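Trainee: Listed below, chain by chain, are the residues.
There are 4 protein chains.
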Amino acid sequence: MQKRLFPLLTAFFLLAAAVLPVSAQVRHEIGFPDLPDYHTLKCDLHSHSVFSDGNVWPTVRVDEAWRLGLDATALTDHIEYQPHRDDIPTNHDRPFELAAGKAAQMGLLFPRGAEITRDTPPGHFNAIFLDKVEPLAVPDFVEAVRQANLQGAFVFWNHQGWKGEEAGRWLDVHTTLFENKWFHGMEVCNGNSYYPTAHRWCLEKNLTMLGNSDIHQPDINDQTTADAHRTLTLVFAREKSLAGLQEALLAGRTAVWFTNQMIGRREWLEALLEASVEISPPHHRGRDHVLIKVRNHSDIEIQLRRTGPVGPATATLPPRSTSLVKIGTGNPQGPIELAYTVTNFLIAPGEGLPVRLTVGE
Amino acid sequence: MQKRLFPLLTAFFLLAAAVLPVSAQVRHEIGFPDLPDYHTLKCDLHSHSVFSDGNVWPTVRVDEAWRLGLDATALTDHIEYQPHRDDIPTNHDRPFELAAGKAAQMGLLFPRGAEITRDTPPGHFNAIFLDKVEPLAVPDFVEAVRQANLQGAFVFWNHQGWKGEEAGRWLDVHTTLFENKWFHGMEVCNGNSYYPTAHRWCLEKNLTMLGNSDIHQPDINDQTTADAHRTLTLVFAREKSLAGLQEALLAGRTAVWFTNQMIGRREWLEALLEASVEISPPHHRGRDHVLIKVRNHSDIEIQLRRTGPVGPATATLPPRSTSLVKIGTGNPQGPIELAYTVTNFLIAPGEGLPVRLTVGE
Amino acid sequence: MQKRLFPLLTAFFLLAAAVLPVSAQVRHEIGFPDLPDYHTLKCDLHSHSVFSDGNVWPTVRVDEAWRLGLDATALTDHIEYQPHRDDIPTNHDRPFELAAGKAAQMGLLFPRGAEITRDTPPGHFNAIFLDKVEPLAVPDFVEAVRQANLQGAFVFWNHQGWKGEEAGRWLDVHTTLFENKWFHGMEVCNGNSYYPTAHRWCLEKNLTMLGNSDIHQPDINDQTTADAHRTLTLVFAREKSLAGLQEALLAGRTAVWFTNQMIGRREWLEALLEASVEISPPHHRGRDHVLIKVRNHSDIEIQLRRTGPVGPATATLPPRSTSLVKIGTGNPQGPIELAYTVTNFLIAPGEGLPVRLTVGE
Amino acid sequence: MQKRLFPLLTAFFLLAAAVLPVSAQVRHEIGFPDLPDYHTLKCDLHSHSVFSDGNVWPTVRVDEAWRLGLDATALTDHIEYQPHRDDIPTNHDRPFELAAGKAAQMGLLFPRGAEITRDTPPGHFNAIFLDKVEPLAVPDFVEAVRQANLQGAFVFWNHQGWKGEEAGRWLDVHTTLFENKWFHGMEVCNGNSYYPTAHRWCLEKNLTMLGNSDIHQPDINDQTTADAHRTLTLVFAREKSLAGLQEALLAGRTAVWFTNQMIGRREWLEALLEASVEISPPHHRGRDHVLIKVRNHSDIEIQLRRTGPVGPATATLPPRSTSLVKIGTGNPQGPIELAYTVTNFLIAPGEGLPVRLTVGE
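Protein chains in written order, with numbering that gives the first Met the number 0: chain Y, 0 to 360; chain B, 0 to 360; chain H, 0 to 360; chain G, 0 to 360.
Treat the hints with caution; some may be incorrect.
[To be verified] Footprint (simulated), chain G over chain Y, 3 or more residues, beta carbon under 8 Å:
1) 25–34
2) 94–108
3) 285–294
4) 311–320
In case anyone wonders, no lab produced these hints; they're calculated from the structure. These numbers come from a predicted model, not from an experiment. Backbone N, C-alpha and C fix where the C-beta goes; we use that ideal spot for every residue, glycine too.
Please put together the full structure from these sequences, using the hints given.
Mentor: In structure tokens:
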């Protein structure tokens with residue numbers, strides 16, 4: 000009925016909508032470099048819109064992803080929970096359909112996703128790279144996950160310990176999923192929470208580590224910075240495509256960026272550190288010391304603690320900056336062996352990444 | 000059907016929702032002082048949600064208003080235009096109903112509003128302080144405005160010149176509304192636009208001047224500052240209540256804050272300036288000059304141009320700061336007469352507010 | 000000789016210097032309110048210029064003090080240590096003389112000061128409100144302090160533990176000074192360091208607590224904020240004058256602002272808290288809770304931990320903001336008794352300020 | 000005498016000074032990329048210390064240069080003007096000597112400099128790459144410049160129009176210097192001032208264009224950003240060394256960064272633009288438009304105005320960001336020819352840099 004009353008207006012507003020909103024047009028890239036053989040994709044694979052319990056229209060998540068420098072994002076509205084249902088009738092595939100066009104325009108990877116939302120335990124699971132969300136809306140939890148896998152989805156266990164370790168314990172049903180290879184990863188971090196148990200299980204069971212925002216409100220950040228960033232998953236992909244993203248996730252090539260910490264398998268943290276840090280040869284040699292410049296190209300502050308005999312006891316390399324480091328040494332003319340632990344690059348719960356390097360050869 | 004499958008979840012999520020989201024809890028007050036007899040209410044009376052063409056859930060506008068230091072805000076979704084209608088069936092009163100509880104919890108004034116959205120001309124009109132939006136959804140434009148007035152609404156003409164002066168011209172229909180006292184004000188500013196014609200008409204016809212954001216996207220500002228603020232209406236109200244707000248709007252006691260300019264009737268700009276600026280007596284008297292401290296308590300940068308014989312030719316008083324001003328004078332011992340124009344306090348299009356003051360008596 | 004070569008230039012440059020540098024003209028006041036009977040003076044009473052081991056011309060400290068919202072500051076160059084002596088011959092009273100005129104122009108309190116700089120132990124002592132620094136340049140330490148007292152100076156022990164507790168221990172010489180009332184306070188905080196031993200001694204021996212920057216480099220802050228502020232002494236003075244400052248210091252009416260902590264005697268912290276925080280009566284009463292607004296007018300983040308039965312377990316009141324606080328209560332209609340500790344208002348080492356209040360009577 | 004009284008202190012303080020001050024250690028690089036054959040050196044070749052009319056110790060300029068991302072800086076204290084002479088006896092070579100060691104430690108290029116400061120006209124001239132400043136302190140202006148040239152200095156005319164065009168006019172004495180090749184460049188910009196006459200003369204007479212801060216006060220910026228940067232000279236050097244810097248200055252390979260404008264010869268602005276901007280091929284082709292991503296790696300906001308038939312009428316590429324640009328076109332499948340003027344890259348007074356490019360081949 001409304002339609003008939005005001006037909007001309009529609010034409011007008013569609014015209015206006017053809018211009019991309021200004022706030023969506025400018026993007027600040029996140030400062031994590033590519034690795035020698037891989038693109039470093041910045042991904043947030045867990046978010047919500049008004050179609051479940053989020054507070055924004057689906058396209059807002061795409062605008063945010065562009066603005067904040069993400070390469071990939073997913074809307075994962077709850078299948079089983081729609082508190083706005085009285086106003087927005089359930090339509091599981093609709094958020095993706097509304098936002099996918101804009102994501103394509105912006106060149107963002109935007110896998111179709113959903114959150115399989117059962118009681119905890121067994122907990123919530125995200126499925127992404129779906130063809131269709133609707134088939135997952137079935138009463139049985141395992142069947143829902145199976146349906147996701149039938150579509151070739153990548154499935155991960157969200158925020159394992161959010162309701163406590165007891166509620167987040169590993170049950171038979173998890174073993175069933177795991178043995179069938181029906182789930183492939185876990186959120187080690189979700190929003191402001193870190194789950195060391197999930198971290199350990201990922202290492203023990205060779206599950207992919209993820210970190211996501213699980214954002215429900217509008218994101219009021221203008222850009223991503225070390226001080227104000229979403230919890231993200233860095234995915235090291237052979238190509239920047241949906242297929243490339245999926246292959247890398249299945250292969251476990253990830254690192255999680257969480258409140259000034261980087262969490263992941265040793266090999267990927269090592270590679271990321273090497274790509275991020277540039278050490279210049281000594282430009283000044285004193286009687287008993289040398290001075291070197293250390294540039295941190297990345298967006299994480301790198302925190303170092305000495306484990307070897309020379310160099311400052313601790314050092315901090317702020318994001319996107321160059322630090323002047325003075326190394327006292329008995330022999331300022333020869334090469335200098337440095338041994339440190341990167342205390343905020345976690346290769347296991349509580350265990351920093353060890354690094355050794357030689358400068359001034 | 001969904002309801003039956005997952006009954007337990009609802010209880011859980013409602014529990015979580017009982018905690019106010021963190022981002023909504025901290026508020027930064029806007030720095031415009033009360034006047035001797037009036038509360039200075041900071042108001043944005045034009046905004047949109049997903050229920051018309053906005054991109055946020057209605058409660059988001061309330062969270063934003065709290066965070067940004069507003070005292071009053073209104074959701075004014077289009078009555079005649081709902082591009083999300085396929086997903087959110089038309090329900091004109093729903094945005095208000097969804098958000099009013101939260102507004103009350105936060106102590107915000109939240110009049111029920113709607114935008115009567117016809118072609119331009121005659122243009123769009125906001126009605127606020129409605130009892131019910133639904134009765135305004137009628138085919139005839141004048142009838143819609145009349146219905147709003149039957150409910151005692153305050154009605155104002157939005158963004159008069161947004162489609163050009165020709166489209167924004169004064170028609171017989173406007174005369175009809177005006178002579179019936181069915182509309183009471185105009186947006187002199189809307190978002191990033193200023194309408195000098197509207198400004199003139201407000202002065203000539205004694206219409207209330209308003210400035211609003213007309214925001215559709217999420218507001219990414221964390222707080223209101225001189226550099227990043229919504230276009231707002233300052234309303235000088237006898238009491239901080241819906242009735243007080245309405246009385247002041249009808250009485251025309253407003254000023255519009257727009258991109259580092261304050262627009263309004265001379266008497267209110269004078270009163271606002273006087274309340275905002277504190278001049279200390281000369282604390283230093285040199286041979287041929289005195290030094291005074293001028294404190295600007297407000298959130299607007301005040302720009303001055305000398306019209307009298309003494310004092311600096313121009314001066315700028317940054318927001319929330321104290322400026323040291325050196326006044327050259329032939330007689331540094333006696334009182335000093337200063338005459339200036341506040342170039343960014345507009346009492347008419349292109350006309351700054353003249354001020355005279357005596358210091359050092 | 001130079002003078003004769005280029006006589007005309009001097010006239011030109013003096014002309015230019017008559018205009019106050021722009022950066023010095025704008026000032027942002029620090030947000031600590033006055034107490035009912037006292038002005039709250041923001042003071043940094045320990046700083047250095049090129050005349051000892053600082054890196055700026057004396058007037059820079061005055062420009063900085065103005066810009067950063069200080070009410071009083073002192074240059075306290077080392078009497079016994081001038082590393083720039085080869086270029087700037089020793090002249091103990093010169094820093095004050097060079098900067099005092101500018102301080103007067105800006106209306107800043109600027110007592111003449113110096114740092115009596117002996118080995119540690121016995122440590123460094125500042126003397127302020129001197130008439131002349133030169134008489135303090137004597138070989139004997141006690142005699143130097145006595146000379147300061149002969150001039151009516153306020154004398155305090157700087158950074159007691161900076162070289163360790165052993166070096167900062169209380170010696171007979173301190174007893175001598177103390178018993179003669181030749182020193183009157185201690186720096187509880189200096190720059191980024193806090194000295195709990197000094198804190199305890201101030202409480203036990205009724206010495207005035209001070210906190211100062213001891214700044215040597217240029218201050219690159221544009222204004223004072225909670226996140227970037229000098230360590231300061233708040234002095235609660237009967238009048239804003241040198242005499243008022245001195246009387247308050249001798250009377251011990253101070254609080255020390257140090258890295259988001261306020262340190263001082265209980266009575267002054269209580270008074271400062273009361274003046275800083277404004278609690279509105281409940282504006283919303285639910286079935287089992289009330290909502291109140293708590294406004295923190297000050298520049299310190301106030302951190303609270305519940306010690307009574309009702310209210311949130313912890314709460315943080317960010318600087319210059321209003322927080323919405325939900326208080327669960329069995330009886331939402333009557334008055335509510337709240338008991339908290341302000342964990343970052345220290346009335347003794349490790350001991351927060353207890354507060355009790357009733358809302359909603 | 001002082002030395003004898005307190006011998007032990009010196010040892011202690013020297014120890015403390017061996018640790019580099021924290022504020023000096025972190026550096027944010029300025030975002031202008033190298034050119035294919037040249038290093039892009041960021042240079043400020045005009046600054047002052049307490050040894051003339053500046054307000055900081057010479058080493059402060061080195062700390063600032065490091066922190067702010069400069070590659071080269073020069074102290075150029077006035078030879079003929081020392082307002083602090085009563086406290087700091089004239090010693091023309093001392094500022095360099097005091098700061099050169101720190102510059103070397105930090106790996107900064109730090110040519111010895113001085114400002115030959117005569118009345119205007121003929122104006123002030125900087126000489127850098129001096130061996131010794133003292134020989135320039137002679138009564139005759141031309142002789143002073145000749146002395147600089149005898150040392151192989153690079154000499155440039157500072158702030159030509161600062162006292163008006165009449166005072167800044169070209170005199171016989173300038174012709175003398177020019178014909179002898181005794182001066183080699185001009186400041187087109189100095190601090191906040193731009194001199195179009197100097198700009199024209201540089202183009203006509205093949206003089207090197209420079210832009211410098213002429214800073215006297217401490218620099219309170221923590222890092223260089225588009226919004227808060229010193230006026231700088233970008234020098235395109237074959238190698239990052241004093242010799243490389245000098246060769247490039249003599250060869251005129253410079254651009255001046257001034258308040259969001261880049262000023263220079265067309266060839267260097269073209270090369271800088273090309274190195275700064277990265278255009279991705281169309282990632283989205285609509286029916287009548289394509290979308291491209293344009294990344295601006297530099298620290299200047301690039302402002303574009305269309306001169307050809309397709310593309311947006313104007314476009315702004317913010318610093319260090321990626322912009323999504325929609326290009327309407329009749330043929331979205333083929334290559335698209337774009338023609339624009341970069342309005343804030345000035346190849347002559349008032350004349351922007353024209354650019355043409357083809358996307359989507």
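Trainee: Would you say the stretch 25–34 of chain Y counts as covered by chain G, given the rule of at least 3 residues with C-beta under 8 Å?
Mentor: holds (count 4)
Trainee: Check, residue by residue, whether the stretch 285–294 of chain Y contains three or more positions whose beta-carbon lies closer than 8 Å to a beta-carbon of chain G, and give the verdict.
Mentor: Holds: 3 residues of the stretch 285–294 of chain Y have a Cβ under 8 Å from chain G.
Trainee: Between the stretch 94–108 of chain Y and chain G, are there enough contacts, at least three residues with CB-CB distance under 8 Å, for the coverage claim to hold?
Mentor: With 4 residues close enough to chain G, the hint holds.
Trainee: Count the residues of the stretch 311–320 of chain Y with a beta-carbon closer than 8 Å to any beta-carbon of chain G: does the count reach three?
Mentor: holds (count 3)
Hint compliance for this structure: no hint is broken.
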